[in-house]
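Residue numbers (the working numbering): 72 to 145.
What the hints contain is simulated information worked out from the structure, not anything from laboratory work.
Heads up, a few of these hints could be off.
[Stated by the list, open to error] The calculated lysine-lysine pairs, modelled on DSS-like cross-linking and capped at a C-alpha distance of 27 Å, are: (1) K84 / K96; (2) K118 / K130; (3) K84 / K130; (4) K96 / K118; (5) K78 / K130; (6) K84 / K118; (7) K96 / K130; (8) K118 / K78; (9) K96 / K78.
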Amino acid sequence: MATGTVKWFNRAKGYGFIEPEDGSKDAFVHISAVQRAGMQTLNEGQKVQYELVEGANGKFSAENLVDLSGGSGE
72 MATGTVKWFN RAKGYGFIEP EDGSKDAFVH ISAVQRAGMQ TLNEGQKVQY
122 ELVEGANGKF SAENLVDLSG GSGE
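Work the whole structure out from these sequences, hints included.
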């Protein structure tokens, strides 16, 4: 699993991006992945662990999120 920091997340639009620790390309994250992880939202600067999963459209997104910052993501 990869580790990164939430760069930004817009709850109203339902998506955002995670900046990976390894310096690779920012990872797209959709609200559905956040909710499946039991969180309501992501906060800028929040540390998370995630897996990059290729979707049906051939694009990758962050899934299986784990909050590493100790917060509840609310």
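Taking the hints in turn, this is what the structure says about them:
Between the alpha carbons of K84 and K96 the distance comes to roughly 21 Å, so the proposed pair stays at or under 27 Å and holds. Between K118 and K130 the alpha-carbon distance is near 23 Å, which keeps this suggested pair within the 27 Å criterion. Between K84 and K130 the alpha-carbon distance is near 19 Å, which keeps this suggested pair within the 27 Å criterion. Our distance criterion of 27 Å between C-alpha atoms is met by K96 and K118, whose separation comes to about 16 Å.
A threshold of 27 Å between alpha carbons decides the hint, and for K78 with K130 the separation of about 19 Å falls inside it, so the pair holds. For the proposed pair K84 and K118, the alpha carbon gap of about 21 Å is at most 27 Å, so the pair holds. Of the supplied pair hints, the one linking K96 and K130 holds, its CA atoms being roughly 12 Å apart against a limit of 27 Å. Taken as a hint, the K118 and K78 pair is honoured in the structure, with Cα atoms around 10 Å apart against an allowance of 27 Å.
Of the supplied pair hints, the one linking K96 and K78 holds, its CA atoms being roughly 12 Å apart against a limit of 27 Å.
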